[in-house]
Amino acid sequence: MNDFKKNKLYNYQPSNLNDHKMPKLEKDIVVSNNINKESKNEHNSEEVVSNKLDNSKAKELIANIKKQAELSHEQSDNNPEQSKLVMPDPNSNDRLIKYGSYKVAYEAKVPDYRNSQKIVKDSKKEARENLQKKDIDVIVNTFKHKVIKINKTEVVIKNNKYGFEFYKNSFDRRWWVTAIVFDEIWNPKKEAYLSLWSGNAFVGYGENTLDEVISRAHTLTTSGRTGNIVWRDFVISWNEQNNRFLAGDKPTQFTFKEYQKIIKWWDANKIRIHVKQEKIKDYEDLMNETKLKKAKGEFVSPMVAIQAKLLDPPRKAKYIFGYPVKKKDYKGKDYANPENKLYEIGFAFNE
Numbered sequence: 000m001n002d003f004k005k006n007k008l009y010n011y012q013p014s015n016l017n018d019h020k021m022p023k024l025e026k027d028i029v030v031s032n033n034i035n036k037e038s039k040n041e042h043n044s045e046e047v048v049s050n051k052l053d054n055s056k057a058k059e060l061i062a063n064i065k066k067q068a069e070l071s072h073e074q075s076d077n078n079p080e081q082s083k084l085v086m087p088d089p090n091s092n093d094r095l096i097k098y099g100s101y102k103v104a105y106e107a108k109v110p111d112y113r114n115s116q117k118i119v120k121d122s123k124k125e126a127r128e129n130l131q132k133k134d135i136d137v138i139v140n141t142f143k144h145k146v147i148k149i150n151k152t153e154v155v156i157k158n159n160k161y162g163f164e165f166y167k168n169s170f171d172r173r174w175w176v177t178a179i180v181f182d183e184i185w186n187p188k189k190e191a192y193l194s195l196w197s198g199n200a201f202v203g204y205g206e207n208t209l210d211e212v213i214s215r216a217h218t219l220t221t222s223g224r225t226g227n228i229v230w231r232d233f234v235i236s237w238n239e240q241n242n243r244f245l246a247g248d249k250p251t252q253f254t255f256k257e258y259q260k261i262i263k264w265w266d267a268n269k270i271r272i273h274v275k276q277e278k279i280k281d282y283e284d285l286m287n288e289t290k291l292k293k294a295k296g297e298f299v300s301p302m303v304a305i306q307a308k309l310l311d312p313p314r315k316a317k318y319i320f321g322y323p324v325k326k327k328d329y330k331g332k333d334y335a336n337p338e339n340k341l342y343e344i345g346f347a348f349n350e
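No gaps in the numbering here: position 227 of the sequence shown is 226 in the numbering used here, and each next residue is one more.
Among these hints, one or two may not hold up.
What the hints assert, rightly or not - Simulated DEER-style distance windows between Cβ atoms: (1) H273 with E206: 31 to 37 angstroms; (2) E297 with Q240: 22 to 28 angstroms; (3) Q240 with T218: 43 to 49 angstroms; (4) I279 with K327: 41 to 47 angstroms.
To be verified - Okay, derived cross-link-like pairs now, DSS-like style, lysine-lysine, Cα gap no bigger than 30 angstroms in a straight line: (5) K143 with K317; (6) K148 with K325; (7) K263 with K249.
FYI, nobody ran anything at the bench for these hints, they're computed from the structure.
C-beta: ideal position from N, C-alpha, C; glycine also.
Hey, can you work out the whole structure from these sequences and the hints?
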């Protein structure tokens, strides 16, 4: 049985001998084509030629690379190579200070940086030229009693609420007049003042000649923000015991000694000082009258309570400005001396 199956397996015959899917077991006949060989030979010859050309180009490229390498080597020998890496300087003061050494040398330099006031003051002096005596005399003789300060570089005057500074710039060599402001009430013995600014610019003019600057100063003192000053009222007397100013329409002229007493009293009691109006009854006056009547046993009208609500209390003393005026008895020319002039004090509506 087994032999029969094996013979049947080996002697298998397909049912369709013409089936195109059935593989052929016969050897294929190979036909050589001379034309293809010749084309292949031509192609091979072209590859050989191109390889020769490529080899020559490669040799030239290698030769150029060698020449460039030799030139760069020669340049590197002549110019030693510098590293791009930046190292900290071991002798730098900043490095030494950071690590805690040489602090003495650093502390010696600190005052030069910290003393900014001295630097500003020195730069201010360098920025201004020394004035000639004849120019100073022209300014002083023009404004006379209004002059409050004279030195080599500037002349300062006090008009009423504001003051003005004359100087000559050393950079553009022009004359300048600038408006300045003082502290309340203004002490003639102190030279503290600041430039008056309007927005991002100070109020003042720069001209080529002194005469033009003086003309500008007259304009500043008589018109505009610095010239048209609307006064609320003026000081006519003062009560040191009750910390009160008495104000009126016409100012009282004080001597230098009296003015100095007022300044000293003002500096010590400015928070408590108030202003009473001349010939006007206020809440404080009504309360004082009521106290006196009660002390004497006199009748006090009940209408006092209603009347007190209708009266204003003394106002706080603010926007107060002092300024010099001419002293009629003085015939000299030492106008910068504060003792040779009189003083008035006024109240403005704003700063």
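Hint by hint, here is what the structure shows:
Checked against the given bound of 31 to 37 angstroms, the beta carbons of H273 and E206, roughly 45 angstroms apart, lie outside it. Between E297 and Q240 the Cβ separation comes to about 25 angstroms, which falls inside the hinted range of 22 to 28 angstroms. In this structure the hint that Q240 and T218 lie 43 to 49 angstroms apart at CB holds, the actual value being about 44 angstroms. Distance hint check: the CB atoms of I279 and K327 are about 31 angstroms apart, inconsistent with the given range 41 to 47 angstroms.
A C-alpha spacing of about 29 angstroms is found between K143 and K317, which places the hinted pair at or below 30 angstroms, so the restraint holds. Taken as a hint, the K148 and K325 pair is honoured in the structure, with Cα atoms around 16 angstroms apart against an allowance of 30 angstroms. Pair hint K263 plus K249 holds up; C-alpha atoms about 23 angstroms apart against a cutoff of 30 angstroms.
Hint violations for this structure: numbers 1 and 4, all remaining hints satisfied.
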